[in-house]
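Enquirer: Sequences listed follow chains F and D, in order.
Plus 72 on top of the position in the first sequence (first one is 1) and you've got the working numbering.
Plus 42 on top of the position in the second sequence (first one is 1) and you've got the working numbering.
Since the hints were made in silico from the structure, they are not lab data.
Treat the numbers as computed from the prediction; the structure is a model and nothing was measured.
Mixed in with the good hints, there may be bad ones.
Label-pair distances were calculated between CB atoms; the ranges are [said to hold, decoys possible]:
1) D:Pro421 <-> F:Ala720: 28 to 34 Å
2) D:Thr406 <-> F:Arg738: 52 to 58 Å
3) F:Ala779 <-> D:Pro421: 54 to 60 Å
4) F:Glu247 <-> D:Ala189: 52 to 58 Å
5) F:Arg246 <-> D:Ala210: 57 to 63 Å
6) D:Thr406 <-> F:Val936: 21 to 27 Å
7) D:Thr406 <-> F:Gly717: 56 to 62 Å
8) D:Gly89 <-> F:Leu841: 43 to 49 Å
9) F:Glu645 <-> D:Asn144: 47 to 53 Å
10) D:Arg301 <-> F:Pro489: 35 to 41 Å
11) D:Pro421 <-> F:Leu841: 34 to 40 Å
12) F:Arg933 <-> D:Arg299: 55 to 61 Å
13) F:Leu841 <-> D:Thr406: 33 to 39 Å
For glycine and all other residues, C-beta sits at the position ideal for the given N, C-alpha and C.
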Amino acid sequence: MRHLLLTAARRLAAPLFPDLDPLVNPAKFASAPGRDYDSAPFRPVSAGTPGRASGRSTAATTQGASGQRRDSGRHVPGTHFDEVRMSHRTPILRAGSLSKGLALAGLLLFAGFGHAEDDDFEFAQALAGRGYSDLAEEQFQKILSDPKRKASEKAEGTYGLALLKRRDAVLAAREEREKLRKKLGDVLAIFQQAEDSLASFITGNPTHARILEAKLDRSKLISERAEYINKSIRNGWVPGDVTEADLRKQVAEGFDTSIDLLKALEDPARSKLERCSPGTPEYRTAEDELGLVWLSRIAALYGKGAALPPGDTSGIAALNQVLAEIDEFMWLFDGTVRGLWAFHYSGLANWKLDKPKDAMRDIRDAATALTEGDGVPAGRPITMMSYDYMATIAIDAANRHGDEYIGTALKAFDKLPSAWPSFMEDRFGQMAALAHARVLDHTGRSDEAISLVQKVIKKAKENTTYMDRPAGTVLGEMLSHGGSGADLDPALLKTIAKSKWSDADYSGAIRAYQSVIQASTGDSKRMNDFGWDAWDMIGRCYGLQERWYEAYLAFDMIEQGFMSDQTNEKLIEMTDETGFSRAATIDQLARRTTDKARAKHYADLSKRLVEEFTERHPNSPRNVGADLAKAAGILKEAKQLLRAGDTAAAQSKFSAAQSELKSIDRTSTSIDLVDAQSIECDFYLARMSKDAAKMNAAVDGFIKWLAVQRKPVVDSGVRRARATGKNLCLVSLLKGYALIPDMTADAPAKKVAYADLIKAIDKWGAQFLDVVSRGQLTLDQWRVEALIGTGEVSKADELASKNIRESPESVNGPFLAAIVANALEKEAKVRLEKGDTTGYQNLMLRCARLREYAVLEPAKRKGVTPSPGAFVSLGNTFREAGDFAKAEEYLRLAQAGYVAAGNEDQARALLVELIGLLIDQGKFAEAITDLEALLVPVEADRAGILERLGRDDQLTNVEVKKMTQTKMSKNRRVLDVLSRAYLQAARDDKDLVRCINLCGLLRFAHPKDEKHDVKYIEYTVRLASAYFKFGVDYGQPDAFKNVVKLIQNGIVTPGLLETYGERVPGSKQKLTELLNASKNR
Amino acid sequence: MSSISRQRVPMALGVATLAATVLALPLAPTACAAQDAPTDTIVYVDGGARKTRAGVVIDSATYDEVKFKAGGRSSTMSGTQILEIQWGDAPREYGPAWRSLNARDGEAARRNFDACLGALAAGVVERDWVKEYANIGLGEAYLMLAAQDSANLSKASAAFELGLKANAKSLLLDRALKGLAEAALAAKKGPDALKHADRLLGEGKKARRPSWELDAYFLRAKVHTAGGNASGASQAYADAERLAAQQAGSAKNPADRTRFESIRRTAAAAGGWVLLDTALASKSSADFDKARLFFQGLPAKFGKVPEILSAVENAMGVIKLSGGDAHAALEHFQKSEVLYFSVSSEVARSLYYQAQAWDQLGDTEQKGARIRDLKQYYPKSEWARKVN
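Generate the whole structure from the sequences, applying the supplied hints.
Expert: Following this line, the structure appears as structure tokens:
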């Protein structure tokens, strides 16, 4: 079991590559002079402290500010003293207090004002760090597309986007949950994309201010990829088509590449330092850079050594090199936070080399060198991580060598609270506390260990550090092998159980609730406060797993408790419901058992249990009186009819049910529920008639019911009726608000209805969640729809994205993505109409990504391939968004799908779309050649036809008739795309004339009943544009006259131009511009 | 705050120098060396409380008594009080060796115990206790490794014998004899296994260690079961139950009483499983009836405690399952799992048999789910090993 703890601990422990940012990454913080970052010596070198380094530090002190060269040829630090501070660039985003609103407000704030480019970049990074990748992407895109920025500033946007890709890769690599984990190949593909992006930025911006960061990020990414492959081998995630040997080779090669890249940075940094005079600002900058790069390489060397199998010679060599280099490193960086990191790696390297004494010495030094009183917050994370690793190393050494290191570790942990009084306030300190608990548990002090873990859980929940989950896992493992003497807090155990319930880990929740029961058994107060509810939850968990008999057994335990003490208030109230569940579960079992004899046995048992329930719990709302029974029966029938689609019959039944309900005596103990159900009938009637006014009345009815101040009563029957009525009203009123917009035709009124829905969710949402299991998904869906309805599309997008991110398996995800995508597309068209092409493209890109998810995810879940039509839709969307690579990818998939389905015509048609992409990418020559070949397949005819089309715009009727009767004209899409290509290419006057002629043909051949539709409008705009361009480029005044004639004479009907603008965004503006410009020629 | 530079060479040199000095000393103890000789620690029970006596030098340790010197004076302590001896001159591999055994890492345990014996042979450790303790530990390591290679069985036996040869009245006698019995049983040498079990029984009586006697009875039962001697097994369990009842009755402290009561219940239930195994083999309704009545009588005899009730439910389930009534069997198994969740051994058994029942009903999904739960939550149980 200790091994399990070690395993759990390894999962908890800091990742192999502790994030050096922002502790030791000066480039981010020192890009402008005057920043308050430095390489962080945390004590004055002049202080001359005792200890192992005393000799050297004294020497350093006597050397003064200028520093002197040592015999080794290395510089020593000057006697400057600075304090390391975190970057002050993220004050608007404080841990634990960030709300979406704040983030958006911050975003808007920054969008509205001019400010330093660093702010935007770091703001975007902070958003990404908080998990708001979409907002971060939006921010980086803004930087990239801002016309006011210089190229180097825009390049930051590219770098930022590359970092987001890197983040995606790292997150994918870290995911270990079986259901959410991506396949090895897919994760590696994400890594590749990230690396390509970074490499592209590096190649394209060799002198950029962030080039060092980018190179470091790239090498770190390569190491992370190697580490991920190693983890995959360890966990057995190796697919069948690749060998472990191949993967191990990739691991080694990956680390080697990373190390080489870092070496290539380090050598010039070292040379630069040696050229600087100690004590100067240039020296400090050069030292910073060298320290950063060097430490990164040490980390990569360690990574290699740790990843390769024990005994591997190159792995051992790497670890030995780590030790040798750290010795050198410390000459420059002793007494700094970087020095702590170095000691940390020294400890790890010695551990991997199976030198526990040296390992413990170094890791303990790293853990205990700093105290909170030193005022070096940058040193906190590494200190706590070192404590964590100290525990791991001590336990491992104890298992293999002896217990002496356990004593060392315990002594160090004993001093932790006094050294860092606030250590439990953040996740790093809580991680150290869990490490302490592991050591205690190893020494048999399980009770103390369990107490400590419970403290961590409590603190983690208070501070929202999310360490309660891993701590809960550790606690569960400790409880399974000991700690029976520990005073277990059932409240804490309950929170662990609840989180497993929320994660839908029902097996885990059952076991956790069992521990609640164990902690409560023998204490009647605890049983009332926690134990009986735990049995109830166990029953529900089994029910959700469709383990009906097991669920029955759990509910039966509660019933037996009630039967043995019928004065227990808690059990009296509970069993009004659980007594019913007890019977209902056997009823379920009876329905699902295929063996007839057995099914009858369960049906008989269910009947008996119902009789017992009726007899024992007469006041339960489930046990309605005869008068209520009739109304309840009619209501049930009405709902069944509605489900079956027989609306007319259902309406009649609901009316009948309502009459029956209204006839019930007002003195009935269930009258509150009766009233609620009566309003429920109004709700259903309004729903079926799609009458918004009636639905509003029903909603008002529910609200009035909830607003009534009812006197408290003792009678449990009345209390249960009120509780059931309240739940009914809460759920139904929100449903009503959600239905009203669809029942409202008037656009302004619809918008108001959506706004009302949002207000209702804000007001009643929390109570709704108490009643409806997994109700958050429903609320989020309603809210997304309402936000779209009120025009707050970006908020809708954000909420949908959050939903998808946090509940990746939810059925809601694709649906929400689809509706948000549609909304974004509409908004994009509005932007286009206003001439904001950048805004249009950004929104279309976002739309494309969401639509991609909406299309691919359901198919993936079902294990099927999306239809070719779906791929075409995606391709076109990405094309509109300007992502031609993606567009091509999906159009080709569509083409393959059509071919596989034997639909050659559609497959051929897609060829034209693919050629269209060439045009979008400016590859005119290639596109035009292909299109001309499609237009006139017979080569011998092609030249002649093209020559005629390019000669002049005076096609005769005969020529036009001939052309429209040929196959050529029937291929309208080719004509369409080709005419667009000619216009955009405009290589010569012939291109423009061909465009004019083809547009003319298209307009001529356009079906009369579809005149002024989208395509016709496009042809018209194109024709006008071609004439105008011809006039401008070739000095042809007649061309302008043609423009005027075309527009002024062709679009004469009042409002037609408006209609054009509505149908084809931007067309009205374009035609107006052309007309005005042509008139002035 | 201490400096953390890298000036470690002087310290390292110091340690090396000290080591060299130690190694250079003559091996014969001198007055100075005696003062510097490592001391032992005795962990013992006194008045129901766990205590330690450190700073002693043990002269001899048998199950009768432990003789030691402390502060120049000789003393003895009754063997029955002894819980553990921590040898001061233990080779560094000694602690890790036992921990490896506890962690069921046979290879690491073997390696470490071999190293301990190597240290003895090299003269690094002088006292003979190593021969006794390390060999017995080595025997257990080989026994573990025999699961992969049965050739280790004879090595196990040889190691145990060497350990007992070093001290025929070892404090670890029970482990050695149990080990010998297990090795013989695994080598299908039932009579030899029985001999060792019987020897353990005799020594247990001599050493006034009822726990050894109980172990011996359980061993006998195991040997008889393996040999198909159901009545012999039943008798052995009955003997264990009787002895445990006696000990529970005469126990001076509640912890011992609880422990013996639990052993009594375990023995009783085990006797029932023998009857049930017989019935499963014979398929005779009379045998099934006998087993059923036995289990159904347990609560009245031992109380309606989870250990007993869960065993009864599981047993009833097995009987139903063998009769082809998988549905009824499931109900029993599910009761054992849901109601008596604190008895992990029975919950594991329940999950195993639930999988069998679902298999009989043709529901592979439920079967798979139960096996997954068994492997995830009870990975070290014999039932998880069975499905592996």
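Enquirer: Next, verify each hint and record whether it holds.
Expert: Against the structure, the hints come out as follows:
1. For the pair proline 421 of chain D and alanine 720 of chain F, the beta carbons lie near 60 Å from each other, so the given range of 28 to 34 Å is not met.
2. One distance hint, 52 to 58 Å for the beta-carbon pair threonine 406 of chain D and arginine 738 of chain F, holds here, with the actual separation near 56 Å.
3. Checked against the hint of 54 to 60 Å, the pair alanine 779 of chain F and proline 421 of chain D passes, with Cβ atoms roughly 56 Å apart.
4. Look at glutamate 247 of chain F against alanine 189 of chain D: about 36 Å separates their beta carbons, and that is not inside 52 to 58 Å.
5. Evaluation of the 57 to 63 Å hint for arginine 246 of chain F and alanine 210 of chain D yields a pass: the beta carbon distance comes to about 58 Å.
6. Roughly 24 Å separates the CB atoms of threonine 406 of chain D and valine 936 of chain F, a value that falls within the hinted 21 to 27 Å.
7. Taken as a hint, the range 56 to 62 Å is violated for the pair threonine 406 of chain D and glycine 717 of chain F, whose Cβ atoms sit roughly 36 Å apart.
8. Take glycine 89 of chain D and leucine 841 of chain F: their Cβ atoms lie about 58 Å apart, and the range 43 to 49 Å is violated.
9. Against the hinted window of 47 to 53 Å, the Cβ-Cβ separation of glutamate 645 of chain F and asparagine 144 of chain D comes to about 48 Å, which satisfies the hint.
10. Separated by about 38 Å at the C-beta atoms, arginine 301 of chain D and proline 489 of chain F satisfy the suggested range of 35 to 41 Å.
11. Between proline 421 of chain D and leucine 841 of chain F the CB atoms are about 37 Å apart, so this pair conforms to the stated range of 34 to 40 Å.
12. In this structure the hint that arginine 933 of chain F and arginine 299 of chain D lie 55 to 61 Å apart at CB holds, the actual value being about 58 Å.
13. A C-beta distance of roughly 37 Å is found between leucine 841 of chain F and threonine 406 of chain D, which places it inside the suggested range of 33 to 39 Å.
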